[in-house]
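Kindly generate the complete structure, drawing on both the sequences and the hints.
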Amino acid sequence: MSKKIGEESSRSSVNHTDSSADDRALIFAAADGDKNAYGKLVIKYQKRLFRFILMMLGGKDMTEDVVQEAFVKGYLALGSFEPERPFYPWIATIARNLTLNLIKKEGREKPASDYDDLIASLPDSSTSPLDRIIDRENDRHFAEAVKALPPPYRAVFVMRMFEKKSYEQIGRELNISPGTVDSRLYRARQKLLELLKDYL
Amino acid sequence: MDCDKVKKLLSRFIDDQLGAEDRAAVEKHLESCPDCIAYYEQLLALGRMADDFDLGGDESYWEEQKDAVLDRIEKLESDKVVPVTKRSYRGLIYKVAAVAASIALIAYVSIYELKETGPGSVSFKSEKTIEYRSVESTVKTPPVVDADADTVSGRMLPELFESVRISKRDETVVNEKKKTTVSDEGEEKVRIEAPKPVEIGQPAPKITVDELKELGVEAEIAKKADEPTADADKGEDTKGGRREKKAMPDVADESVKQLFIEVKGADTQVEDIGTQALPKDVLDESMARLQHLSVDSEKDSGPSVDEYMARYDVEMQSAELNRRGVDPELFDGYTTEEVALYINSYDKANQLREKYIYVLTAGEKSGRMSIATASKYSATVSSQKSISGGLSGDSLSIVIRKMADAFHRLGMVTPSQKEREDMQEYLEILKKQADSGTVEEISHYIDDLESATK
Chain A
252 MSKKIGEESS RSSVNHTDSS ADDRALIFAA ADGDKNAYGK LVIKYQKRLF RFILMMLGGK
312 DMTEDVVQEA FVKGYLALGS FEPERPFYPW IATIARNLTL NLIKKEGREK PASDYDDLIA
372 SLPDSSTSPL DRIIDRENDR HFAEAVKALP PPYRAVFVMR MFEKKSYEQI GRELNISPGT
432 VDSRLYRARQ KLLELLKDYL
Chain S
9 MDCDKVKKLL SRFIDDQLGA EDRAAVEKHL ESCPDCIAYY EQLLALGRMA DDFDLGGDES
69 YWEEQKDAVL DRIEKLESDK VVPVTKRSYR GLIYKVAAVA ASIALIAYVS IYELKETGPG
129 SVSFKSEKTI EYRSVESTVK TPPVVDADAD TVSGRMLPEL FESVRISKRD ETVVNEKKKT
189 TVSDEGEEKV RIEAPKPVEI GQPAPKITVD ELKELGVEAE IAKKADEPTA DADKGEDTKG
249 GRREKKAMPD VADESVKQLF IEVKGADTQV EDIGTQALPK DVLDESMARL QHLSVDSEKD
309 SGPSVDEYMA RYDVEMQSAE LNRRGVDPEL FDGYTTEEVA LYINSYDKAN QLREKYIYVL
369 TAGEKSGRMS IATASKYSAT VSSQKSISGG LSGDSLSIVI RKMADAFHRL GMVTPSQKER
429 EDMQEYLEIL KKQADSGTVE EISHYIDDLE SATK
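Residue numbers (this note's numbering), protein chains in the order written: chain A, 252 to 451; chain S, 9 to 462.
Simulated from the structure, these hints should not be mistaken for lab results. Keep in mind that a hint or two might mislead.
[Claimed, not checked] Only pairs whose alpha carbons sit at most 16 angstroms apart, straight line, appear in this in silico EDC-like list of lysine to aspartate or glutamate:
1) A:324 <-> S:79
2) A:295 <-> S:67
3) A:415 <-> S:60
4) S:36 <-> S:10
5) S:13 <-> S:35
6) S:15 <-> S:49
7) A:291 <-> S:75
8) A:448 <-> A:390
9) A:324 <-> S:82
10) A:291 <-> A:273
11) A:286 <-> S:79
12) S:439 <-> S:449
13) S:15 <-> A:445
14) S:74 <-> A:320
15) A:295 <-> S:66
16) S:15 <-> S:39
17) A:291 <-> S:67
18) S:426 <-> A:419
19) S:16 <-> S:43
20) A:286 <-> S:71
21) A:311 <-> S:62
22) S:74 <-> A:315
[Unchecked claim] The following residues of chain S were derived to be distant from chain A, with all beta-carbon distances above 12 angstroms:
23) 41
24) 331
25) 338
26) 439
Ideal Cβ positions, reconstructed from N, Cα and C, are used throughout, including at glycine.
Okay, structure coming up:
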């Protein structure tokens, strides 16, 4: 089996500890209706999920919506979730599907399969300040720089650097070849180096 | 290697995506090129920036977000969209999807009904019935795959069907059968679908009309259904049901004949298939197709059939069966190849259930396979909401169309290429049975999936 880079558990600077036993207990409780338990799960994973979706969408308001909706859906679907599975990838998939569903292709009720279209079609949410959620100046520059990336580059960069997905995984999810993933990543990095040269 | 090329490769270099040769070349270049080294270090710094990137925000903001989630959940529950008691929801999520999907499936299956054939056919009477229980966690109630029956696995399905009665006014095959059943406990149960798989393990949660109403999902059907039957409660008892003989419509015969011909060769003389059990090779072909069902490629799908055959003798096979909660004695008279096939199908079907709520398995009688899926994220359930209670004769096309739609949606949101390819395959199956208008639509879906799969 070829090593898949994205498969390793994602190192994230957002407090991610492997505490699957704790998670299991919370999930069991939540599945039985204990909302406080679910609240703890939310607290545990929402920052990480928020970071991912925020980097994808760029706007705080929309991200809040998507993340909340994902957790709500997660709660409703807990009955069919096997607690041994890691929670974060599952909830991240829900969130990702939600973002894909944000736009519909003309006429057909079909979820968007392309992040590029999605992001391109979003209203410019730059008016919503990220102040409340990004403290450090460095981080703010970084967020602004990523947001300034054209959608095709942004998507691959975020999925690679934040979600730690492999080229193949990214290719599958965005319907592009790994080669295209590569070239977009290259350009994303080029552009970011340029935008962030004063801060690196 | 020139610097431009190296810089391009550095992106893959830091992602560990270079082959050995390229990697060595880049490393060599880096040893002596300050320019590229500087560039490389910038890339690393960028990576560190991403790693260090963290959302801040004071605690109150995140508490607010969490509270917003819980508030939304509360609101949903109080609107009685979902039952307040979450405890029962675990089963209900199957039921919701099951009710929706099952109505479609039952109609679908019933139209292509199996004929009662010989002693071996009605599998719950036959000693060859395979029952097994899931050895997975008890958190969920897994549907059951009955290798012998052409049925919607998922023990809940027949029970649901019993308690949710389609309108009596309907003239469908479905209802004709239902007329004599359900509430009369003393009477024979007539089942549309093939012998019900016997489920061992957690009893399936029962669903009543009230629960349906509570869910707000199948209100129309709930309206038309009568009071829930007492035998929604019954455990494995329902083995007792028998099906009426019903001639298969020509279309169904055609498909079965087709399979015959495909397996046996073009000049096969096809007798009246309906009254015989399908020959083993046709069955095998069906089972083989079942095995090709997509499993998430990242999951370990277990030993292949060949591996089973190579590695396991009868004794080990028995152990494998036991491990899965299947009584090896049921397989007396089966060859090791057959058992291996069974084990493999069992494993794959179980894995499929991770994603799909129901799996129809190929049966001895029809050899036809359909896969019904209900996306866990409710794409299918919501699309099935609009199926009204009655299923008239010509609504088969609606059923097919909705199934096609469901497959297509699932194929579009699901990430795995193999899964998409499988959706395509199922759509091809549906295409064969659809009317001309729907064929076009299904072709369109297939094209979509094809381009998504590239």
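Hints, one by one, checked against the model:
1. A:324 <-> S:79: holds, 13 angstroms
2. A:295 <-> S:67: holds, 12 angstroms
3. A:415 <-> S:60: The given pair, whose Cα atoms are some 14 angstroms apart, holds under the 16 angstroms limit.
4. S:36 <-> S:10: Status holds; Cα separation ~12 angstroms.
5. S:13 <-> S:35: holds, 13 angstroms
6. S:15 <-> S:49: holds, 11 angstroms
7. A:291 <-> S:75: With Cα atoms ~11 angstroms apart, residue 291 of chain A and residue 75 of chain S stay inside 16 angstroms; holds.
8. A:448 <-> A:390: Holds - the C-alpha atoms of residue 390 of chain A and residue 448 of chain A are around 14 angstroms apart, at most 16 angstroms.
9. A:324 <-> S:82: holds, 13 angstroms
10. A:291 <-> A:273: Holds, at about 10 angstroms.
11. A:286 <-> S:79: holds, 10 angstroms
12. S:439 <-> S:449: holds, 9 angstroms
13. S:15 <-> A:445: Cα-Cα ~14 angstroms, so holds.
14. S:74 <-> A:320: holds, 11 angstroms
15. A:295 <-> S:66: Holds, at about 15 angstroms.
16. S:15 <-> S:39: holds, 14 angstroms
17. A:291 <-> S:67: With a Cα-Cα distance of about 13 angstroms, the restraint between residue 291 of chain A and residue 67 of chain S holds, given a limit of 16 angstroms.
18. S:426 <-> A:419: Holds - the C-alpha atoms of residue 419 of chain A and residue 426 of chain S are around 13 angstroms apart, at most 16 angstroms.
19. S:16 <-> S:43: Since the Cα atoms of residue 16 of chain S and residue 43 of chain S sit roughly 14 angstroms apart, the hinted pair holds (cutoff 16 angstroms).
20. A:286 <-> S:71: Holds, at roughly 14 angstroms.
21. A:311 <-> S:62: holds, 15 angstroms
22. S:74 <-> A:315: The hint holds at about 10 angstroms.
23. 41: About 17 angstroms separates residue 41 of chain S from the closest Cβ of chain A, which puts it past 12 angstroms; holds.
24. 331: holds, 18 angstroms
25. 338: holds, 28 angstroms
26. 439: holds, 18 angstroms
The earlier numbered hints are all upheld by this structure, with none contradicted.
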